[in-house]
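Asks: For reference, the chains in residue letters:
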Amino acid sequence: MNCWLSLQSEGSKAVPTMNMVQALNSAMDIMLTRNSDVVVLGEDVGYFGGVFRVTESLQKKHGTHRVLDTPIAEGGIVGAAVGMCANGLRPVVEIQFADYIYPAYDQIVSEVARLRYRSAAAFTAPLTIRTPCGGGIRGGQTHSQSPEAVFAHVSGIKTVMPSNPYDAKGMLIAAIEDDDPVLFFEPKRIYNGPFDGEPDKPAQSWAGHLLAEVPEGYYTVPLGQAAVTREGSAVTIVTYGTMVHVSLAAAAALDLDAEVIDIRSMVPLDVDTIAGSVSKTGRCLIVHEATRFAGFGAELSASIQEHCFWNLEAPITRVTGWDTPYPHAFEWEYFPGKRRVMNALRRLMGEQS
Amino acid sequence: MNCWLSLQSEGSKAVPTMNMVQALNSAMDIMLTRNSDVVVLGEDVGYFGGVFRVTESLQKKHGTHRVLDTPIAEGGIVGAAVGMCANGLRPVVEIQFADYIYPAYDQIVSEVARLRYRSAAAFTAPLTIRTPCGGGIRGGQTHSQSPEAVFAHVSGIKTVMPSNPYDAKGMLIAAIEDDDPVLFFEPKRIYNGPFDGEPDKPAQSWAGHLLAEVPEGYYTVPLGQAAVTREGSAVTIVTYGTMVHVSLAAAAALDLDAEVIDIRSMVPLDVDTIAGSVSKTGRCLIVHEATRFAGFGAELSASIQEHCFWNLEAPITRVTGWDTPYPHAFEWEYFPGKRRVMNALRRLMGEQS
Amino acid sequence: MMSRLHIPVVPARPGEQPDFSYVKIVAAGACPRPPIDVPVLGTVPLAEGLIRVLDDEHRAVGPWEPKLDADTLRRGLRVMILTRTFDDRMQRAQRQGRITFYMRSLGEEAVSAAAAIALRDRDMLFPSYRNQGLFFARGLSLVDLMSQLLSNSRDMCKGRQLPVMYHSAERHIFSISGNLATQFPQAVGWAMAAAIKGETDISAAWLGEGSTAEADFHHALTFAKVYKAPAVLNIVNNQWAISTFQGYAGGEQRSFAARGPGIGIAGLRVDGNDFLAVYAATAWAAERAREGHGATLIEHVTYRAGAHSTSDDPTRYRPRDEFDVWPLGDPVVRLKAHLITLGEWDEACHTALAREVEEEVTAAWQEAVSFGTLNEGFRLDPSLLFEDVFKELPPSLRAQRDELLAELAERGQ
Amino acid sequence: MMSRLHIPVVPARPGEQPDFSYVKIVAAGACPRPPIDVPVLGTVPLAEGLIRVLDDEHRAVGPWEPKLDADTLRRGLRVMILTRTFDDRMQRAQRQGRITFYMRSLGEEAVSAAAAIALRDRDMLFPSYRNQGLFFARGLSLVDLMSQLLSNSRDMCKGRQLPVMYHSAERHIFSISGNLATQFPQAVGWAMAAAIKGETDISAAWLGEGSTAEADFHHALTFAKVYKAPAVLNIVNNQWAISTFQGYAGGEQRSFAARGPGIGIAGLRVDGNDFLAVYAATAWAAERAREGHGATLIEHVTYRAGAHSTSDDPTRYRPRDEFDVWPLGDPVVRLKAHLITLGEWDEACHTALAREVEEEVTAAWQEAVSFGTLNEGFRLDPSLLFEDVFKELPPSLRAQRDELLAELAERGQ
Ligand SMILES: Cc1ncc(C[n+]2csc(CCOP(=O)(O)OP(=O)(O)O)c2C)c(N)n1
Ligand SMILES: Cc1ncc(C[n+]2csc(CCOP(=O)(O)OP(=O)(O)O)c2C)c(N)n1
Ligand SMILES: [Mg+2]
Ligand SMILES: [Mg+2]
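Protein chains in written order, with the working numbering: chain A, 1 to 353; chain B, 354 to 706; chain C, 707 to 1119; chain D, 1120 to 1532.
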């Protein structure tokens, strides 16, 4: 079992509280400082600091030639970044919303993901593509999507999603240092605070949260390792991003001895940690925001079933967004909130083997 | 259980043999004739008749204004087709290879699939996108891909793949008549004959194959219905496209009482037929050409597990392409051929409950 | 070593003096007006010039003077004032939390108003999110538009869309997309279909100058050129794309209209704040398209005087007072002054019109909120969430709907 | 009603008379050669003209005459003959089933040969699949190239790529993609990186005229314009894209080079079968880029004299004998005649060179097949199938590899 709580940070002093925006900003700031090959580019990321302020003040600090505002052409941004890689740079690209990543899909699938393989490693694309994803902010169908599955299926690109400031910073540094391309999804609903899926409650902040204690200095959280966010023995909840917090809240509300696994990386997937847990608990609930059909939960379900079949005491269950576009007004009918997770857990615990 | 064998065709005379290319050509010819709103467009589809000859002579017969050669811009082709839909036409688009569909991904995901929903059906996109997919033709990584999963995940678009000439024609007519957008994958390895996964055997032709008896006239094969291609009680093989033939060959080689289900439609998926079969046999092998991780097999596995958990006697197993780009020289090491399916079946039958 | 990369110059940032010296201005009346069948290269001077009709004394001058009657001019003025009033009111509604999001078109009202009036009613429009004037000009009910903003029980989008993503099949306006530029090739495809069917209706589409960098802009121009599609393709160059200056879209020392002749379609650069110029250019391009001479790319030079959207704060990236010194002025002020110069308008009429429009908007708002708002009295049936994904509800979605309805029952909704 | 859609005119189909009257020709020497820092609009006449150096008497004339020494000209001739000889031989190898696929560049050899010689060795090249001449000019080993075609044990791509998808990190040539146009924005990104690092190396990229319709072409031009990227962007207009005539890419009555000035970068239209003209244009554009004046779009007017690929039969869609009457002739014949006119070459030298190249290709082929072919003596380790997906083999791929190795053991391989 790989647990992030054991990770060390290097040269860190006092441990201040950061929200995810600050943690991500700090990761880029550190990497721009440490490695002159790192450049940051994207729409509105420069002077303005990004529509979510994640690149705030980076241009001021590192200059207009290393933190670049770009034309509005996601395909062009990624295409140019691939060429920058071939010339020794390590671009960190921001796609303003994951909903707008599709114009870059060809460059990502056909070029970024294939370059090392097709050229037998003569050329590689060590770029990082950051993009805010997920709903819960009343953004409607073009500011709320969770398209991780359509990238996880593509061989040759790592796909990750942190769920808290500590991981966000450590994983982003790891992604920038990774020699493989990394698609870095940022669940925007929890940029400023954790969210347990109850929109009517006042917004929470990260202040006081254990995982918002983020060292100021350099540290990494390795990609490809799941985190056991809560230990338990009755059921395993496998989830990531915003839904980690919703799942924790649902388990707590039911006072259920649930083990909650934050997979953090979709590719590579830490099957050992997940399968170990499900083998122990015998029950598994998969929770994600994305639409269900052929979503990433399907792969989780299939893999877990393959590894844990003989230990399963009930069918693996999925709680996800419905199989519809993301609807503006029905956001809270759509979003897989605490109650939906609780209901699924109840059903799952009720199933007899 | 929905079985295509019971389908009727309208006004058909003698039943000639057609290969898949001819069957698809006939479907478009009939629809161009029956409905003046139907237009065909794509790269090289007009004068030349398409690189696989699927649109051969359609331009000659129906004119340069209804069978259009286009610029090489997959995104532009689909974008223009959406506009044509808004003006009452029913475009049938060809994307020359499925490997080249990614430049159109944004128009497909953000526009084609969402238009009806976002406009509350004021505007719709009843277009059909045909594209040859799959390997086995020594096409290397950019002429061999099977990207169905990255479309099946997208709500609002139907995704289908026929495995024989009869279905190809009936399903293509159904797709063109469908008021929803349909992504129509054509497994190019079996355009000219079925293929059992053994590259060293002489190529087979469709002649003499029951499902190559294709009526000349109009008929439809409804979308969303799986076909039980072979009945059996020991194990269910769930598959589609070229792998239907490989699976049949493997089952025959093992002399195994396997039920082979050709799902035909990924979206909508005929869960009833599949789940009915697996509940009966208690064992399930999923076979597809696409890479495994987060592939369509994952959804099949997850769904089947959800529906048939209490009847499963062994873990659901997947035989698929490896999680790598499609490699030119290692095609037959990559391709999930008869032996790989047989091995998986043997293991699956060996598992004890 | 020092970087040699060219970084586009942004003339002024917050705290700096606004500087519009980069905007190439041409005197009103100075651009020639060629016949509508002029060869593409004949439009090069127009793509690099600036078509203007209203001069500094508010007179209409030169060959592009469209000779509109006063009623039409007054209609245009009314549409622009309605746009601005509606925008202001909805921005306030957003600040009050009654709607979730809004986008104004302050300063660019002429672009939509004049074009809609120059086009025929059956011509198909493919707007961006900042062309609300098209809907007003085509007479959509304010209550309908507001209901969309409110996602209430009368919402034309059935609650599925972010505010401002309107459509109107009846009035021939396509569904607005949140994805930039996608409507551009669609408009060309629509026009191709019209041509294939032998019809004389044309299409028109709009996007921002920032959006010209997207692939779809190129696809649209290519298809329009290849098939001579009867379309009017409009670039609204309002100088900004959120915080990104137009130089980042390629506007440094080059007009966007020049992309037209570059690829082989006509190009016109127009004073976007001059109602008469926009009207004249649109009418010319529409006639050219209708007569079979192909598409035209029109760049409307204007200025986004407001924030990008209610989520944006432009004082973070540009001087606060730029609009005051914008060299092409305010389209409402200019058309009003022209009408007064013509003797067809006065301050009293103007005040009365402003009041009338204000009342119309207020009345519409009262009616619209009576159909609910997102948070109060919202009554859209949640099963609508599952409809229109496909024409018919597939079994899987039926099951999901039932699961939701059970959940809602439990939640007490 | 009758369709009003414009369908691009294809001048001749099989059975018809070839007709190249649509190709706008300009006399050799007629185009001016502006200084390398000319403003973009100063290149408009060049983007619409045709830069030619070799006249009908095979003399080099006019301001673009690059004044190359005879050794350089002979080197160019050799690269072109090597290209053609290699192409012929590999096409035959494909027909014999020794390789699975091949693409010749017959008739367009000057485009790659002259450009590679005009550029510096450290300049980074982003070729399409029809720029094999770049590899020959940069001196790649024929055995290495053939081994790629054969997917044998010496294959630089380790068996993973379709034939002709070469690369060479050592010789600064990027990996060829099977997806059209993707290399264009990559080349611009490479050039941006060079500029950011303050280096003076530049990049050059090539694509076919058909591929200009793709999004990536537009992205490349936009980024090149915005950042003044030091790149030479080449369009090889060989009139055909498989069966699709260049009119379908927008070439009707419009040059492709004009897209450069259209968007704000320099544009040159060049006789692509004139070695000296291609050299001169490339050298001009390279110097312009290197000195910080931005990118240039060069259209090379040439003719694809062979089939699109070994999978294609062009007699199905165009007259068989078009190349015979192609107005810009054969680049090899023209450079040879020029050298002879200069007194630097004769038939005997030519025959000797042809024989020498022939022998070189034959010897290389014999060596290459000694490393195996796809079907005979193929010995690439199948675990290579799983490597280089990621830098390190993840556990899941290790498991898949082991499964395959077990299967192969069983199959007896
Ligand atoms: C494909 C895509 N990428 C990015 C965005 C985010 N975005 C919304 S508006 C905008 C700026 C557009 O500027 P412009 O085209 O000039 O239009 P304007 O807002 O000035 O009218 C951006 C980047 C988007 N909606 N779609
Ligand atoms: C994205 C994409 N779409 C389609 C194809 C199929 N295709 C391969 S070559 C070709 C024609 C290209 O023509 P052109 O760009 O003129 O280059 P040429 O072959 O003439 O050198 C097409 C359509 C592809 N390889 N990639
Ligand atoms: Mg703008
Ligand atoms: Mg070509």
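Just to be clear, a hint being listed does not mean it is correct.
[What the hints assert, rightly or not] Pairs of lysine to any residue residues, derived as SDA-like cross-links and limited to a Cα-Cα distance of at most 20 Å, are as follows:
(1) A:Lys61 x C:Met708
(2) A:Lys60 x C:Arg801
(3) A:Lys60 x C:His712
If you are wondering where the hints come from, they were derived from the structure by calculation, not from laboratory data.
Asks: So which of those numbered hints doesn't the model satisfy?
Replies: 2
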